[in-house]
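Residue numbers (this note's numbering), protein chains in the order written: chain F, 1433 to 1708; chain E, 1433 to 1708; chain R, 1433 to 1708; chain B, 1433 to 1708.
Since the hints were derived computationally from the structure, they do not count as laboratory data.
One thing to keep in mind: the hints can contain errors.
Any copy, or any two copies together, can satisfy a pair, since identical chains are not distinguished.
Pairs of lysine to any residue, SDA-like flavour, derived with a Cα cap of 20 angstroms [what the hints assert, rightly or not]: (1) Lys1666 to Glu1685; (2) Lys1475 to Asp1516; (3) Lys1683 to Phe1635; (4) Lys1683 to Ser1451; (5) Lys1666 to Gln1606; (6) Lys1496 to Asp1626; (7) Lys1443 to Leu1645; (8) Lys1523 to Pro1668; (9) Lys1496 to Ser1633; (10) Lys1663 to Leu1704; (11) Lys1496 to Tyr1448; (12) Lys1445 to Gly1693; (13) Lys1553 to His1499; (14) Lys1620 to Tyr1551; (15) Lys1443 to Lys1620; (16) Lys1523 to Arg1460; (17) Lys1666 to Met1441; (18) Lys1656 to Ser1500; (19) Lys1666 to Glu1616; (20) Lys1683 to Arg1471; (21) Lys1523 to Phe1476.
There are 4 protein chains.
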Amino acid sequence: RPFSSSSAMAKSKFEYVRSFETDDTCLRNCYIVVRLDGRNFHKFAEQHHFTKPNDDRALGLMSKSAHSVMEGLEDITIAYGQSDEFSFVFKRTTTWFKRRASKLMTHVASQFSSSYVFYWKEFFGEQPLLYPPGFDGRVVLYPTNRNLRDYLSWRQADCHINNLYNTAFWTLIQKGGLTTTQAEDRLKGTLASDKNEILFSEFDINYNNESALHRKGTTLIWEKRDETVSKRIKRPNEEEKQVPVTRSRRKVEAYHCDIIGDQFWEEHPDVLENDT
Amino acid sequence: RPFSSSSAMAKSKFEYVRSFETDDTCLRNCYIVVRLDGRNFHKFAEQHHFTKPNDDRALGLMSKSAHSVMEGLEDITIAYGQSDEFSFVFKRTTTWFKRRASKLMTHVASQFSSSYVFYWKEFFGEQPLLYPPGFDGRVVLYPTNRNLRDYLSWRQADCHINNLYNTAFWTLIQKGGLTTTQAEDRLKGTLASDKNEILFSEFDINYNNESALHRKGTTLIWEKRDETVSKRIKRPNEEEKQVPVTRSRRKVEAYHCDIIGDQFWEEHPDVLENDT
Amino acid sequence: RPFSSSSAMAKSKFEYVRSFETDDTCLRNCYIVVRLDGRNFHKFAEQHHFTKPNDDRALGLMSKSAHSVMEGLEDITIAYGQSDEFSFVFKRTTTWFKRRASKLMTHVASQFSSSYVFYWKEFFGEQPLLYPPGFDGRVVLYPTNRNLRDYLSWRQADCHINNLYNTAFWTLIQKGGLTTTQAEDRLKGTLASDKNEILFSEFDINYNNESALHRKGTTLIWEKRDETVSKRIKRPNEEEKQVPVTRSRRKVEAYHCDIIGDQFWEEHPDVLENDT
Amino acid sequence: RPFSSSSAMAKSKFEYVRSFETDDTCLRNCYIVVRLDGRNFHKFAEQHHFTKPNDDRALGLMSKSAHSVMEGLEDITIAYGQSDEFSFVFKRTTTWFKRRASKLMTHVASQFSSSYVFYWKEFFGEQPLLYPPGFDGRVVLYPTNRNLRDYLSWRQADCHINNLYNTAFWTLIQKGGLTTTQAEDRLKGTLASDKNEILFSEFDINYNNESALHRKGTTLIWEKRDETVSKRIKRPNEEEKQVPVTRSRRKVEAYHCDIIGDQFWEEHPDVLENDT
């Protein structure tokens, strides 16, 4: 005869452990930024033979994964990515996951990571993914539009500095025939203008004509787009017929432009809410 | 002539935004539990035709993913999973990620999720994964061994209650020919003993003989195992020869046993540290 | 011979306990509000024979204590009090106590409480303070000017509602001869307009002519005031003489006016910083 | 005619600001320590002519104030003070103020501060208190008995080190006729044993015979004491008479003994709860 202790009673005895959870609700009326960073991506890039200084397949996969996160969370109004990092900005008034920081960041980290593996083949074709990659995340709150824009400017300035350095570094190696040590020495202490000059005078490269994707990173925002589909319609006393129907749909769009200056924000006034 | 503003100076102007990050270091000398839960896994299970009441492929994939997380984080001393959830316990004294809650939980969520997609094929073969799944996570701290054991007992009691219900429910449908509504009605208000009785007297099923994996969930711990490999050795004045070499290695091992009682803990005294 | 173990070494062995302190730095660029509430002040008021519905000595002592807190903390830009509560607003950019919430609120609670006892005699004369009173506090952050003003409006609306009720209640008892139970019944379910009407038609009291201190509470802000003092000055080849010297000094000033509408804020534009 | 806008409606419009409060509940099953430190007490001590190296009036007032805090909060099981600081330990399972850190620390800071002013006269007689003093506080959690005892040991080791230094320093000045600079130089780099030796060989002072209050600080705990009062009792068929009645009452008792070793804890086993 099977025997069963009162399992419900047993469970209720342990249930007190729930009260050890802490409330990590994000302060109201602040932008919530979740930033992800690849873990050990230097090694990951080497093992997967990423091209230097930029691998467009890898950047495309990052964007695709960020896209996948945004499509599932409409309250993310803007995302910005470069290299192996991506930042997601939830609108000030979001109530997603009751604004619980842990839920927001783990969900973003999880969805991004599973997407990265899921879409790998779309960007790397038959080159196999050798092991499941990891990303870690954090949550930061910004009370005002100025603070949020400065955060995004900070990430884009970081993109600029790194990409200019990497472009000069790898050009010295790939076209100039230097070793990595020689290239490092050559660039030690140089200013941005020096690196531009090296590229221009020695390699005839105008850095400003380099790929915007590499220089500016990727900005994802929601945009309304008119979409025309054809629909079969049957009106009373008429024959059924095909009619074109135009609907406005929100879609995630990618930009590779400057987001430090005002122009981008003036052209997309809906991204930020008012400071009230 | 390419022009470049002083980008380093520009970046430093924005760098103040870093000071908006908050310190979420976990209290010292407490066990840190990260629990992951599948998001919308009811729908995910249906879309991927999981068998009812338990799908061994899905459970195997969960365990494999948890395994993958543990292998990368030696300070996880025990992990427990059932259904679409998994809990990871960091030892009290861990200094991984400087005990920062956000880093710990996003890393676990990320590694688990990318592993889930990465190892999908190993468990589901040619059945395609339709979209990247999501898991959300949380961090909970437990100050004492009793609290931690009660947490794990709570999860295993939950496993027991759900599995007994699901076993009875799906047996009534699959073998008893009931509709889901009829099965629900039949089980409404029943105690554990009633469900055992239904299974036994009507379907000749002794619940206690059902799969331990389903009844008890999966417990992962580190174990020392002796491993014998053969090595070629060349000593002076001897010919080179093959010799067996035995080394002790830590490996993650899976158990499907009771962890509510004392026996498991007495047999694995290294899992918990002292309450000091 | 006196013996001494190496006490410095002993101490260093225990010093690890400092790492259990948590960082509770307040989010940057947010207003920090510390609100104090009297503990068991209903009983305290009775035991010290506070007059009903308002005791001007008690209100004066509250203001004096708040004044004392503000004088010591210039970064408090505005304070608002009513009944047995007082709120202190630190400017968004304050770096007092490194913005540590615990330091800010305990300091305010401590300084307010010691001042309350210290200045008791100044307001209550020979009537003795029977025991040391207690106040508890909390910290709340507000990201925008609108949020902060709404917080202060909330407290002043609370003052208005309570004072109108209390005025009607005690008038019914003191002038109308009702018991407390009768007065409660009489006011049950009445709107503000009803209470105004009772006061006006039955007791010839126009509530709007009642003391602004009682109706509006007390608002403390810093103001520049010109102050003329006479100084002895001795110029070369002149006799020493008295000259009037005018200096601008910041002083804490008290208002008993509406702070819900815009007028107060337009007249004191320096209290709030911009939302940037 | 008096006019009144709907004030209740007005208030409800602002009430959303309450949702900006954050939950700062202390982790369950941890000891909660609130430590207070005098603000600018070096200056306070000078202005109030505290005797050097220890002022028994000031130490007595600190203890009295701590006493007053404990009497009002039975869940404080032990308090330890020295110099211008006092630590209060709430039992692991306390539910006072729902374990909200802000409430616990502000209440302790407030009650201590108002008591300090209230009881000033009892210790300083006619010497006036010149201004209301301030104390700031913090909350620290300790998960185990070992951690808590190490915290208290840390504070007592600090007391020992400071008092030995101060005793030697002021003896060199008061009895040795050194200036403060000379005394500083004399003690620079000395070990505890050196200071003991200076006191013993030059001033015939055995440090271990100095006041335990100064060497060990003050430990307050609750103790059951039998208390005999005489009561008038009237039994049926008997004359009313006085009878002695003995009751056990909990009272706060002060100790000036070592709390680093085990003896104190063995003699007072009720102070700590088990680590479970």
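Lys1443 and Lys1620: within-copy, between-copy, both or neither at 20 angstroms Cα: Result: close only across copies, 19 angstroms inter versus 63 angstroms intra.
Is it within, between, both or neither when you check Lys1620 against Tyr1551 at 20 angstroms Cα-Cα? This pair counts as neither: shortest intra-copy Cα distance 38 angstroms, inter-copy 44 angstroms.
Within, between, both or neither: Lys1666, Glu1685 at alpha-carbon 20 angstroms: Classified as neither; 35 angstroms inside a copy, 65 angstroms across copies.
How would you label the pair Lys1683, Arg1471 (within, between, both, or neither) given a Cα cut-off of 20 angstroms? neither (30 angstroms within a copy, 23 angstroms between copies)
Check Lys1496 against Tyr1448 for me: Cα-Cα at most 20 angstroms, and say if that holds within a copy, between copies, both or neither. neither (42 angstroms within a copy, 30 angstroms between copies)
Given a CA cutoff of 20 angstroms, do Lys1475 and Asp1516 count as a within-copy pair, a between-copy pair, both, or neither? within (12 angstroms within a copy, 31 angstroms between copies)
Pop the pair Lys1523 and Arg1460 into one bin, within, between, both or neither, using alpha-carbon distances up to 20 angstroms. So Lys1523 and Arg1460 pass the 20 angstroms test inside a copy (11 angstroms) and across (18 angstroms) alike.
What label fits Lys1666 with Glu1616 when the C-alpha limit is 20 angstroms: within, between, both, or neither? For Lys1666 and Glu1616, neither the intra-copy (71 angstroms) nor the inter-copy (43 angstroms) Cα distance is at most 20 angstroms.
At most 20 angstroms between alpha carbons: which applies to Lys1663 and Leu1704, within, between, both or neither? The answer is neither: 35 angstroms in one copy and 56 angstroms across copies each exceed 20 angstroms.
Could you figure out if Lys1443 and Leu1645 sit no more than 20 angstroms apart (CA to CA) within one copy, between two copies, both or neither? Between copies only: 19 angstroms across, 54 angstroms inside.
Check Lys1496 against Asp1626 for me: Cα-Cα at most 20 angstroms, and say if that holds within a copy, between copies, both or neither. neither (35 angstroms within a copy, 51 angstroms between copies)
Could you place Lys1666 and Gln1606 in one of the four classes (within, between, both, neither) given a Cα distance threshold of 20 angstroms? Intra 65 angstroms, inter 45 angstroms, cutoff 20 angstroms: neither.
Comparing the model with each numbered hint stated earlier shows that hints 1, 3, 4, 5, 6, 8, 9, 10, 11, 14, 17, 19, 20 and 21 do not hold.
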